[in-house]
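Enquirer: We have chain A already, so just place chain B on it with the hints.
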Amino acid sequence: MTSPSPRQLDGRGRFVRPLLAAFKLTKTYGTVHAVRGVDFALAENSYVTLLGPSGCGKTSILRMIGGFESVSSGAVSLDGKRLDETAANLRPINTVFQNYALFPHLSVLENVAFGLSYRDVAKTQIKLLAMNALKTVQMEAMADRRPRQLSGGQQQRVALARAIVNEPRLLLLDEPLSALDRRMRKDMQIELKDLQRRLGMTFLHVTHDQEEAFALSDQIIVMRDGLIEQQGAPEAIYAQPETAYVADFIGGAACIPAEVKAREGANVVLETAFGSFAVPGVSTLHAGGKAVLCVRPEQVCVAQAETEGKAQLKARVVHQVYRGSDWLLDCTCGDQVVQVLHREAPPSVGEDITLAFDTAKVWAAAVEARAVTPPEAGAV
Amino acid sequence: MRRSILSVGDWLALPVVAALIALCCAPLLILLAYSFFQVDFVTISYDLTLANYAKIAGSETYRGLIARAFGSAFLVVTLTAVIGYPVAWFVAKRVHAAKSTLLTLLLVPLYSGDLIRIFAWRVLLGAEGAINRSLMWLGVIDEPFSGLLFSPLATHIALTYNYLPFMVIGLWLAFESLDDRWLEAAADLGAPAPARFLRVILPLTVPGLVAGGLMVFVMVAGDYLTPQLLGGASGITIISAINDLFGTAFDWPLGSAIAWTMLSILMVCFGLGALAIRRSSLVAEDV
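Which chain is which? The protein sequence lines are A and B, in order. Residue numbers for the first sequence, in my numbering: 1 to 380. Residue numbers for the second sequence, in my numbering: 381 to 667.
If you are wondering where the hints come from, they were derived from the structure by calculation, not from laboratory data. All C-beta atoms in this analysis are idealised placements derived from N, C-alpha and C, irrespective of residue type, glycine included. Some hints here could point you the wrong way.
Unchecked claim - Partner residues are not named here, just some residues of chain B that face chain A (Cβ under 7 Å, in silico):
id: 1; residue: 448
id: 2; residue: 558
id: 3; residue: 562
id: 4; residue: 565
id: 5; residue: 567
id: 6; residue: 568
Claimed, not checked - Now the in silico label distances, taken between C-beta atoms and shown as ranges:
id: 7; chain 1: B; residue 1: 560; chain 2: A; residue 2: 140; range: 28 to 36 Å
id: 8; chain 1: A; residue 1: 118; chain 2: B; residue 2: 560; range: 16 to 24 Å
id: 9; chain 1: A; residue 1: 184; chain 2: B; residue 2: 644; range: 52 to 60 Å
id: 10; chain 1: A; residue 1: 79; chain 2: B; residue 2: 578; range: 30 to 38 Å
id: 11; chain 1: A; residue 1: 117; chain 2: B; residue 2: 407; range: 49 to 57 Å
id: 12; chain 1: A; residue 1: 92; chain 2: B; residue 2: 527; range: 55 to 63 Å
id: 13; chain 1: A; residue 1: 209; chain 2: B; residue 2: 473; range: 46 to 54 Å
id: 14; chain 1: B; residue 1: 473; chain 2: A; residue 2: 32; range: 52 to 60 Å
id: 15; chain 1: A; residue 1: 259; chain 2: B; residue 2: 475; range: 53 to 61 Å
id: 16; chain 1: B; residue 1: 412; chain 2: A; residue 2: 148; range: 39 to 47 Å
id: 17; chain 1: A; residue 1: 45; chain 2: B; residue 2: 578; range: 34 to 42 Å
id: 18; chain 1: A; residue 1: 148; chain 2: B; residue 2: 510; range: 45 to 53 Å
The shape of chain A in the complex, shown without the other chains (with noise of 0.2 Å):
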């Protein structure tokens, strides 16, 4: 069988392979479904990462494409030849484990240098590799010390270059940041990133942290139920959530349920409890139907004595927290909660105050993914 492999579009608006296609991507544990038939595609050179809770199924696609668990349904392709069909050591594949999985009775030259033995190196060049591979990651001068004998953080580069030094066609990496402390997470991010770009590779990583995958990405599929609920650039993911899943998810905007009263051009009219709004929104609301208003913290201000121009909501501050830099308020507008970004000294808790957003700036999402793909019959 021929893969059908999703078609994208270069700079020059030519079409291209992708360097990897999942169509119906679909994998069933018993009578759980934890993939439900996902469509994707990665292109040459880029950062894409896998982002939703846990359990949202990302792992299993991850596992999937590594060859680690076998595909319920579906095809996922790699340079247009089907992979759920070749065993995992034959595929042009490298993994960092979650956990590393570094080989504790070898030394790390020695875990580097494992994979070289397997592909059509000179014995006389693996050394060399794994020592350049080892330089890549600063971690040369550790080459005889056992895994045990590492920090996180020195484990964790010596399993990037354990998968890189065999170049691969994708790297996948699995909640690779994980297990380690909050600064060290910020360095490995700015290197994976760096590293990417140097290498020319694809990276499909997989995470459960926004900040991560928009520091990192090109790419984000934002993962729920084992379906994809939105993927896109960065900035459209953030400034266009096509659902109140991913505007909540992501930068925890709060959602506003409404109703659609009229489209006009590129803006709906949506009629909420507070008033009635005319906001940018997704292509496929329609009069008539429901949907949510976005409001994320920055876009929502304290309103002074004059706001002209300015949407207006009665709220009651109930909660307060202290960042440094700035202060986050848990304002109550009715029974529906509106979290505010405030740079100055804050109104206290208790007090009735007037929040004001620019209707040009907020956004319009679907209350629910749009077609919801219901789980394949038989799939098993």
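Expert: Relative to chain A, chain B alone:
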């Protein structure tokens, strides 16, 4: 202010240490002392001599018996390792809910006595035994096969059966701590199945193999009942020789010397085993 040399904890441990010395080390040291004495007709002369050790070294019988004891032990270690390896893998990696049941079943035979298990093999292997009868009923053989019982074969079958659980337990522990992600990583790096076994599974289970192997080795080398009851003419072992020397022959010094020769060889084996575990390891020296 003077501080006591011994802390309270040391004082509390003292009875245990004393008991160990009195019950374990002292008898061995007495044996060691005896091994340098000699029998003078019916009395023991206390002049120190190496004559007993010279006698062992010069006697083909004793050397042969010692070599056979360790040869048997090595053979049984090999057999239990080959049989126990897949069993341990299966229990550790393929069984989930029934794991403790299986492990208990594995140990149940040990709850019955040595003698009972040995006699069970007599029932199976004898001329009128279950195996011969089945083979005759199937028409494979016309008359009972008498070579089964009272032979080295019978001895080694029973020894392998008896000590298999110890090997399985050692290996099972090693497999339990073998993380499946190491195998995934090896596959991810391009290693085909045979290489995953040789370069990851085997080296990482060596500590279990050595630990189980040492237990089996020591117990088989010191086993006395099984060859005696199942070996027939081949049932004379170095242990039964020691027994005779302490009993009817009344040559305690020579018996002690043989016992200490055996003990020394076993201690060397233990030293090598410990070294193998350290080298294979995991327990790398700290930074």
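Enquirer: For each hint, tell me whether it holds in the structure or not.
Expert: Against the structure, the hints:
no., hint, in the structure
1, 448, "36 Å, violated"
2, 558, "10 Å, violated"
3, 562, "6 Å, holds"
4, 565, "4 Å, holds"
5, 567, "4 Å, holds"
6, 568, "5 Å, holds"
7, B:560 x A:140: 28 to 36 Å, "30 Å, holds"
8, A:118 x B:560: 16 to 24 Å, "20 Å, holds"
9, A:184 x B:644: 52 to 60 Å, "53 Å, holds"
10, A:79 x B:578: 30 to 38 Å, "31 Å, holds"
11, A:117 x B:407: 49 to 57 Å, "54 Å, holds"
12, A:92 x B:527: 55 to 63 Å, "59 Å, holds"
13, A:209 x B:473: 46 to 54 Å, "32 Å, violated"
14, B:473 x A:32: 52 to 60 Å, "22 Å, violated"
15, A:259 x B:475: 53 to 61 Å, "57 Å, holds"
16, B:412 x A:148: 39 to 47 Å, "41 Å, holds"
17, A:45 x B:578: 34 to 42 Å, "37 Å, holds"
18, A:148 x B:510: 45 to 53 Å, "52 Å, holds"
Hint compliance for this structure: hints 1, 2, 13, 14 are broken, all remaining hints hold.
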